[in-house]
Structure formats: C-alpha cells, structure tokens
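I would like the entire structure built from these sequences, with the hints used as guidance.
There are 2 protein chains.
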Amino acid sequence: MVSTKFINQLNQKYGIRFHNEKLLEEAFTHSSYANEHPNDGIRDYEKLEFLGDAVLELAVSDYLYRHFPKLNEGELTRLRSNVVRTEGFSEFAIECGFQNEINLGRGEEKAGARNRKTLLEDVFEAFNGALFLDQGMDGVQKFLKKTVYPLIDKGEFTDSRDYKTDLQEFLQQNGPVKIEYQVISESQMPSHFVVELKINDKVQSTGEGHNKKAAEQQAAKAALQKLE
Amino acid sequence: MVSTKFINQLNQKYGIRFHNEKLLEEAFTHSSYANEHPNDGIRDYEKLEFLGDAVLELAVSDYLYRHFPKLNEGELTRLRSNVVRTEGFSEFAIECGFQNEINLGRGEEKAGARNRKTLLEDVFEAFNGALFLDQGMDGVQKFLKKTVYPLIDKGEFTDSRDYKTDLQEFLQQNGPVKIEYQVISESQMPSHFVVELKINDKVQSTGEGHNKKAAEQQAAKAALQKLE
Numbered sequence: 001m002v003s004t005k006f007i008n009q010l011n012q013k014y015g016i017r018f019h020n021e022k023l024l025e026e027a028f029t030h031s032s033y034a035n036e037h038p039n040d041g042i043r044d045y046e047k048l049e050f051l052g053d054a055v056l057e058l059a060v061s062d063y064l065y066r067h068f069p070k071l072n073e074g075e076l077t078r079l080r081s082n083v084v085r086t087e088g089f090s091e092f093a094i095e096c097g098f099q100n101e102i103n104l105g106r107g108e109e110k111a112g113a114r115n116r117k118t119l120l121e122d123v124f125e126a127f128n129g130a131l132f133l134d135q136g137m138d139g140v141q142k143f144l145k146k147t148v149y150p151l152i153d154k155g156e157f158t159d160s161r162d163y164k165t166d167l168q169e170f171l172q173q174n175g176p177v178k179i180e181y182q183v184i185s186e187s188q189m190p191s192h193f194v195v196e197l198k199i200n201d202k203v204q205s206t207g208e209g210h211n212k213k214a215a216e217q218q219a220a221k222a223a224l225q226k227l228e
Numbered sequence: 001m002v003s004t005k006f007i008n009q010l011n012q013k014y015g016i017r018f019h020n021e022k023l024l025e026e027a028f029t030h031s032s033y034a035n036e037h038p039n040d041g042i043r044d045y046e047k048l049e050f051l052g053d054a055v056l057e058l059a060v061s062d063y064l065y066r067h068f069p070k071l072n073e074g075e076l077t078r079l080r081s082n083v084v085r086t087e088g089f090s091e092f093a094i095e096c097g098f099q100n101e102i103n104l105g106r107g108e109e110k111a112g113a114r115n116r117k118t119l120l121e122d123v124f125e126a127f128n129g130a131l132f133l134d135q136g137m138d139g140v141q142k143f144l145k146k147t148v149y150p151l152i153d154k155g156e157f158t159d160s161r162d163y164k165t166d167l168q169e170f171l172q173q174n175g176p177v178k179i180e181y182q183v184i185s186e187s188q189m190p191s192h193f194v195v196e197l198k199i200n201d202k203v204q205s206t207g208e209g210h211n212k213k214a215a216e217q218q219a220a221k222a223a224l225q226k227l228e
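Chains as they are written, first to last, in full-length UniProt numbering: chain A, 1 to 228; chain B, 1 to 228.
The hints are simulated quantities; they were obtained by calculation from the structure and are not laboratory data. It should be emphasised that the depicted structure is a prediction, and the values quoted were computed from it without experimental measurement. Ideal placement from N, C-alpha and C gives every residue a C-beta, glycine not left out. Incorrect hints may appear among the rest.
[Claimed, not checked] Taking lysine-lysine pairs in the BS3-like style, the calculated list, with each CA pair at most 30 Å apart, reads:
1. A:K142 with A:K5
2. A:K145 with B:K47
3. A:K117 with B:K70
4. B:K47 with A:K146
5. A:K117 with A:K13
6. B:K22 with A:K145
7. A:K142 with B:K213
8. B:K142 with A:K22
9. A:K22 with B:K117
10. A:K47 with B:K154
11. A:K212 with A:K198
12. A:K22 with B:K70
13. B:K117 with B:K221
14. B:K117 with A:K70
15. B:K47 with A:K154
16. A:K145 with B:K142
17. B:K226 with A:K47
18. B:K226 with B:K213
19. B:K145 with A:K142
20. A:K47 with B:K146
21. B:K213 with B:K146
22. B:K117 with A:K142
23. A:K70 with B:K213
24. B:K145 with A:K47
25. A:K202 with A:K221
26. A:K164 with A:K226
27. A:K70 with A:K145
28. A:K13 with A:K164
29. A:K142 with B:K47
30. B:K47 with A:K70
31. B:K202 with A:K47
[To be verified] Short, incomplete list of chain B residues facing chain A, as computed with Cβ under 10 Å:
32. G41
33. I42
34. D44
35. L48
36. D53
37. L58
38. V60
39. D62
40. L76
Take a look at the structure:
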C-alpha cells in the first residue's frame, strides 16, 4: 500500500494531498497484483490510465497553446506529439518516486516489471488520471508545472535541427569516418546523461541532457560548432 | 462574421453565450478567408482545432469513465475511438448550425468547401477549443450533453454485433445471394436516414439511424431476426 513516506513527499515536493487515497492506490496497482488479491477489492490502474492519457493530452495542449503563441498548428501538433508519446513518462515516474509504490504480483516482480519502461509510463498516466478525478484540471496543471512543463520550456521536446545527422553528412563528404557516441555518466532523480563523441577514435566533444538522445545531440552540436 | 441569429440560437438551444466573441469568429474562419483578408487581423481556426481535438478527447473520456463503470479499459478505449474519430463531427456541425457561419475564401466557396465533411469536422473541433478557452471544461461538458452524449447513451458509437456481415454470411451459406441497401429517406437537423434492404430484388426490411451506416445495420438486424 502507498507508503506514508511517499504521501508526505508528494505533499512536500508537489503540494499534492489526495482527498481520496484509494484513487492513488488504484493508480499504483498493476493487474498482476489485483489478480493475486481478489478479496482486497482493489482495482488495477488500467481505467485510470485510459483517463490519464486524455488528461495529459489536453493539459499539454493547453500549456503549449498558451505559452507558445508564435508556433503554428503544425508545430504545436509536432511538439505535443513529442511530449505525450509517453517515452519520457517513465523518467518522470522514477523522478516522482512512483517506482517503489507500485503494487505488483509475485511473478511480475520476479520478472523485473518494476523497472519496465512501459509499466512506468502507464503508471505516470494513471497517476494523472487519479489526480484529475481527485483535484480536477487545476491539480494536474499544478503537478505538471513542477515536472513536465519545465522541460518543455527548456526545449527538451523541440524538434530542432538534427545535429547528429548534420554532423554525419558534414564529416562523410569525402568518404567514411568513424563516429561514436558513448555514455560516460548517467544519474537519476533528476535524470542526467553525459555523452562523449569520438570521431576516428579521437574524443571530439561531450554533451549533456535529460536523456541519452538529447545528450548525443548536444555532443554533435558542439562538434559541428568546432568544425564548421 | 458570425450572425446575430446564430448567436441567439446558440444561447437559446445550448445556453451558450461567449464572453469573447472573437474566439467564436476564429473558430469559424478558414485559412482561405484569413489569407484573403490579411488586414482584418482575423486568425484561422487551425490552432483552435489543435486545442479542440484534445478537449473533445478528454471530455469524452471523462464522460465514458463516469457513465459506463462496467466497461473495461479496452472497451472504453474502443468506444472513445469511435466517438472521437471525427467522422460523426460533421453531422454535429451541421445540426448546430455551424455550416452557414464559416468564413471561406472565394475559391474554396466555389469549390464547395462549405459542404466538405473534413472541413465541418475541423470546425466542430475548433468550436470546442474556443468554448474551452472561453468557459472551461464545464462549458464544453454542458454543450456536449446536448449534442454528442445523448448519442453515446443511445449506443450509436457502440461496437456491437456487425449485423451486415452476419447477414451476408447467413444468406450465402449455399451460394451467392444479391444483397442491396438503398437510402430511401434522408433528412438533416437532426440527421436521420432510412435504408431499405433488398435480398434478391425483394424488399426484406428497413432500418433507421443517425447516419447511413447505422441505418444499414438496423435493416440487416431486422432481416436477420426474421430469417434466423
């Protein structure tokens, strides 16, 4: 069941206190656990995930519409799709301390489901569904302001220039060149990656970012700036 | 510009009065019109459509979650997808009297864009985006309660048995049979179709529905009930 430590942390870090803690419990309950405990009357998170998916879609759309007035509809759609395509949600779930609160069945626990990205993504959606039911859109917006939106503002989801491709094309104009990216440091809460870029076995640059892909782009950008 | 008649009708029929009528104007403005009138400072509806898409997704998800507690997540997702896949939105746009209010460029008007289904769908989404900005989710829910939700309750979007396929399989067990569906009556505001079903050139049944597909299903159902 949801730990007191987590409930306090949710309050301190995000100012969230659920009126109905059963919703919170449901958001963290995987079907494998619900199946193993049929007499607990506890539901799995799937219906909250269904709702949370749409909650996140609107919350992010609303934020983008209001905060990026210069983007046209196509740019807004692309940016929204980058934010809500859920890949990043697993990192938020870990950062928010959801991972340790998930109720898993024994088999799934053994199989390592607690670290499974898709499961963490589902739980992040379900949590937002529960938050919407408990505190409405305002509660969700308040939470996202402390988690997802700062990264949107930092441009983490922006389809900007693809520096990796540009670098490759620049380097290989006159024949093949060996290009390698390697993660040299990785930490979580908050998630932070450092990547080293080697060109023909020689270190050329490093890049940092919220995830591996972003760090690689930064490394490629730095290399291009030196070379171009 | 939006007609006084329409503004009154919106108020009388749906209890909606926009605080900011510019949003309403924007929701009904096609890019072809905005391009032809660059000095009017009027924007086309595309950004409101971007927002409206997510507004409808959440509004419908919330409604389904609360009103269909017995459906599981898979069933909810399928039903939501049937409602928001936008095909039906053009009919709602016509029913709500949006069609005559659309600001179109001359070329598009000539090309018959006012009757184009996809344009009517876009306008319905944009209207809901505008309504959300003007009156929040409560305003949208109030509007949908008088338009979309009654049809959800009537089962218009429910993936039920596919009677047309079942009928065909039943009839063609012992060789080919000629099956024809024909619309014999069609009216709008509200949208209503009557379809006649002929088997080997003999009228077998009729069916009624909100659209052609639903009416055909009803005709096939009636025929199956006679034959089985």
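Hinted pair K47 of chain B and K154 of chain A, Cα distance within 30 Å
OK: K47 of chain B and K154 of chain A at ~22 Å, within 30 Å.
Holds or violated: D53 of chain B as interface residue toward chain A, Cβ cutoff 10 Å?
holds (8 Å)
Holds or violated: are the alpha carbons of K226 of chain B and K47 of chain A at most 30 Å from each other?
Violated, because 39 Å separates the two Cα atoms, which is more than 30 Å.
Pairwise hint evaluation, K5 of chain A against K142 of chain A, where the allowed Cα distance is 30 Å at most
OK: K142 of chain A and K5 of chain A at ~21 Å, within 30 Å.
Does the structure keep K213 of chain B and K146 of chain B at a Cα separation of 30 Å or less?
Holds. K213 of chain B to K146 of chain B sits at ~22 Å (cutoff 30 Å).
Regarding the pair K117 of chain B and K70 of chain A, is the alpha-carbon distance no greater than 30 Å?
holds (29 Å)
Need the status of pair K22 of chain A, K117 of chain B: alpha-carbon distance at most 30 Å?
violated (44 Å)
Pairwise hint evaluation, K198 of chain A against K212 of chain A, where the allowed Cα distance is 30 Å at most:
It holds: about 16 Å lies between the C-alpha atoms, which stays within 30 Å.
Hint check: 10 Å Cβ-Cβ cutoff, L48 of chain B to chain A:
Where the cut-off is 10 Å and the nearest Cβ of chain A is about 9 Å from L48 of chain B, the hint holds.
Let's test the interface hint: is any C-beta of chain A closer than 10 Å to that of G41 of chain B?
violated (14 Å)
Given the hinted pair K13 of chain A and K164 of chain A, is their alpha-carbon gap at most 30 Å?
violated (36 Å)
If you draw a straight line from the CA of K202 of chain A to the CA of K221 of chain A, is it 30 Å or shorter?
Since the Cα atoms of K202 of chain A and K221 of chain A sit roughly 16 Å apart, the hinted pair holds (cutoff 30 Å).
When each numbered hint is compared with the structure, violations occur for hints 7, 9, 17, 22, 23, 28, 31, 32, 33.
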